[in-house]
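Go ahead and model the full structure; you've got the sequences and the hints to work with.
Number of protein chains: 4
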Amino acid sequence: MHKKFVWPIRVYFGDTDAGGVVYHANYLEFLERARSEWLRVLNFDQRKFMQETGVGFAVRSVAIEYLKPARLDDELRVISTLKSLGRAQMLFTQSIERGEDVLITATVRVACMDLVRGKATALPTDIHEKFAKLI
Amino acid sequence: MHKKFVWPIRVYFGDTDAGGVVYHANYLEFLERARSEWLRVLNFDQRKFMQETGVGFAVRSVAIEYLKPARLDDELRVISTLKSLGRAQMLFTQSIERGEDVLITATVRVACMDLVRGKATALPTDIHEKFAKLI
Amino acid sequence: MHKKFVWPIRVYFGDTDAGGVVYHANYLEFLERARSEWLRVLNFDQRKFMQETGVGFAVRSVAIEYLKPARLDDELRVISTLKSLGRAQMLFTQSIERGEDVLITATVRVACMDLVRGKATALPTDIHEKFAKLI
Amino acid sequence: MHKKFVWPIRVYFGDTDAGGVVYHANYLEFLERARSEWLRVLNFDQRKFMQETGVGFAVRSVAIEYLKPARLDDELRVISTLKSLGRAQMLFTQSIERGEDVLITATVRVACMDLVRGKATALPTDIHEKFAKLI
Numbered sequence: 001m002h003k004k005f006v007w008p009i010r011v012y013f014g015d016t017d018a019g020g021v022v023y024h025a026n027y028l029e030f031l032e033r034a035r036s037e038w039l040r041v042l043n044f045d046q047r048k049f050m051q052e053t054g055v056g057f058a059v060r061s062v063a064i065e066y067l068k069p070a071r072l073d074d075e076l077r078v079i080s081t082l083k084s085l086g087r088a089q090m091l092f093t094q095s096i097e098r099g100e101d102v103l104i105t106a107t108v109r110v111a112c113m114d115l116v117r118g119k120a121t122a123l124p125t126d127i128h129e130k131f132a133k134l135i
Numbered sequence: 001m002h003k004k005f006v007w008p009i010r011v012y013f014g015d016t017d018a019g020g021v022v023y024h025a026n027y028l029e030f031l032e033r034a035r036s037e038w039l040r041v042l043n044f045d046q047r048k049f050m051q052e053t054g055v056g057f058a059v060r061s062v063a064i065e066y067l068k069p070a071r072l073d074d075e076l077r078v079i080s081t082l083k084s085l086g087r088a089q090m091l092f093t094q095s096i097e098r099g100e101d102v103l104i105t106a107t108v109r110v111a112c113m114d115l116v117r118g119k120a121t122a123l124p125t126d127i128h129e130k131f132a133k134l135i
Numbered sequence: 001m002h003k004k005f006v007w008p009i010r011v012y013f014g015d016t017d018a019g020g021v022v023y024h025a026n027y028l029e030f031l032e033r034a035r036s037e038w039l040r041v042l043n044f045d046q047r048k049f050m051q052e053t054g055v056g057f058a059v060r061s062v063a064i065e066y067l068k069p070a071r072l073d074d075e076l077r078v079i080s081t082l083k084s085l086g087r088a089q090m091l092f093t094q095s096i097e098r099g100e101d102v103l104i105t106a107t108v109r110v111a112c113m114d115l116v117r118g119k120a121t122a123l124p125t126d127i128h129e130k131f132a133k134l135i
Numbered sequence: 001m002h003k004k005f006v007w008p009i010r011v012y013f014g015d016t017d018a019g020g021v022v023y024h025a026n027y028l029e030f031l032e033r034a035r036s037e038w039l040r041v042l043n044f045d046q047r048k049f050m051q052e053t054g055v056g057f058a059v060r061s062v063a064i065e066y067l068k069p070a071r072l073d074d075e076l077r078v079i080s081t082l083k084s085l086g087r088a089q090m091l092f093t094q095s096i097e098r099g100e101d102v103l104i105t106a107t108v109r110v111a112c113m114d115l116v117r118g119k120a121t122a123l124p125t126d127i128h129e130k131f132a133k134l135i
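Going down the list, the sequences are from chains A, B, C and D.
Per this note's numbering, the very first residue in the first sequence carries number 1; after that it's consecutive.
Per this note's numbering, the very first residue in the second sequence carries number 1; after that it's consecutive.
Per this note's numbering, the very first residue in the third sequence carries number 1; after that it's consecutive.
Per this note's numbering, the very first residue in the fourth sequence carries number 1; after that it's consecutive.
Worth flagging that the hints you see were computed from the coordinates, not collected in a lab.
Be careful, since some hints might not be right.
Since the list gives no way to pick out one identical chain from another, each pair is judged satisfied if it fits inside one copy or across any two copies.
[To be verified] Calculated pairs, DSS-like style, for lysine-lysine (alpha carbon to alpha carbon, straight line, at most 25 angstroms):
1) K48 with K68
2) K48 with K119
3) K119 with K68
4) K48 with K130
Following this line, the structure appears as structure tokens:
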């Protein structure tokens, strides 16, 4: 059973564009904030991990569907599940919702990277175990 | 006596730059979020107001000092006070703090604008009254 | 035969993140700039069109692969082709390249929208004809 | 006599907000692009310099006046002059113009920083010499 993580996001002026709605690229930032908060809830310190190990997470692919637009002042919920977990990567399914409406659906693949060498690398064991419990 | 409004902001990857710190322009976005939340607390609906009256707020000037950098995952507090209130504009003093440290200080002048004609216009009476109580 | 449109993009500090590379959401902005410039080359005035007709373009889906990171000061090329053209939507294939390297590949679906009613609408005839010549 | 550096900037969707104009924080990004391009014209490689010396530039203060708004598709010019040059910092005067109109004026103070220790540090001699010729 996939565990759901729900994170609220408020829409501000800086998120919108001249079409009066959230600029399409900015939803990817909302999705990333939700994944970061999920890591925080799991007591995983991204910054410390990156500094100590030179290893970080990199987004490898995003497939995103824009179903309905979000507007200024909207209170959104980002709903995330970890769909699959590999040795070196994670596949997230995420949606952005407002009340009853699903505005955005997305699939995001994130890899663990040796940032110095620019190569994919295995997730550390303890982190892998934490993630494994989310699926 | 000037009323203080305090709003928390978390730093995410999308806020940072290759220097490893928050990109300098993004602090203005943090300041704006805090002002927007202050309006929300006062039951002022910016979007509705803008749609119904064609009047909105526009930033007319910012003077910002960058004292110390904020980093990924930092939890910041934006502290705002309304320093003066005119017929058509407001002057805010804002700071961004982390624990004991003041990272940013700023003075932001915001004007009430007729968005169709692009001209400054008086604040509506009821809103002016709400703001007057904050000083 | 699909016509290619090539647009150069320089990477600045504001495009990067604390990982030292371009923040993943910002490539969508690069892709959008290239599509906007393509419209400009075709003498299509997005702003005027939007103001006169209430019709604009909205991104409906993006599938993006992040193959290699772009860094500060990189000079990139966005290469765009129109893959298919419907009555109310366009499918673009885009890549972002640096020298010999392909950094990003993406498929972007853009729909013509009645912005007031929030509904898909047919592309105006003359614009459809311009786009038809690009495939 | 202060040398002027002029850099063109096009306004895209991603630069605008729901007010239909460029989001106020984004002008700081336009100003930064112009300063970066000026350094490039002077054959100064920011990224290499940062990597080799651990020294980089940090914005210490900005005072910006928003006179008139820029809109989608506008072609702007950023006009920069170096107003004063210290041992460890530079003061720029910048404006953003469209045709005959001055939209933005700004004063930006940039310091040379040891990024590891987070302290101001002297500009390297050869760079100081290059900058000295611009005033």
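Against the structure, the hints come out as follows:
When the C-alpha separation of K48 and K68 is checked against a cutoff of 25 angstroms, the pair qualifies only between copies, where the shortest distance is 19 angstroms, while the shortest distance within a copy is 37 angstroms. In the homo-oligomer, the alpha carbons of K48 and K119 lie at most 25 angstroms apart both inside one protomer (20 angstroms) and across protomers (22 angstroms), since each shortest distance falls under that limit. When the C-alpha separation of K119 and K68 is checked against a cutoff of 25 angstroms, the pair qualifies only between copies, where the shortest distance is 10 angstroms, while the shortest distance within a copy is 37 angstroms. For a Cα distance limit of 25 angstroms, the shortest separation of K48 from K130 inside one copy, 17 angstroms, qualifies, whereas the shortest one across copies, 39 angstroms, does not.
Hint check: no violations occur; every hint is consistent with the structure.
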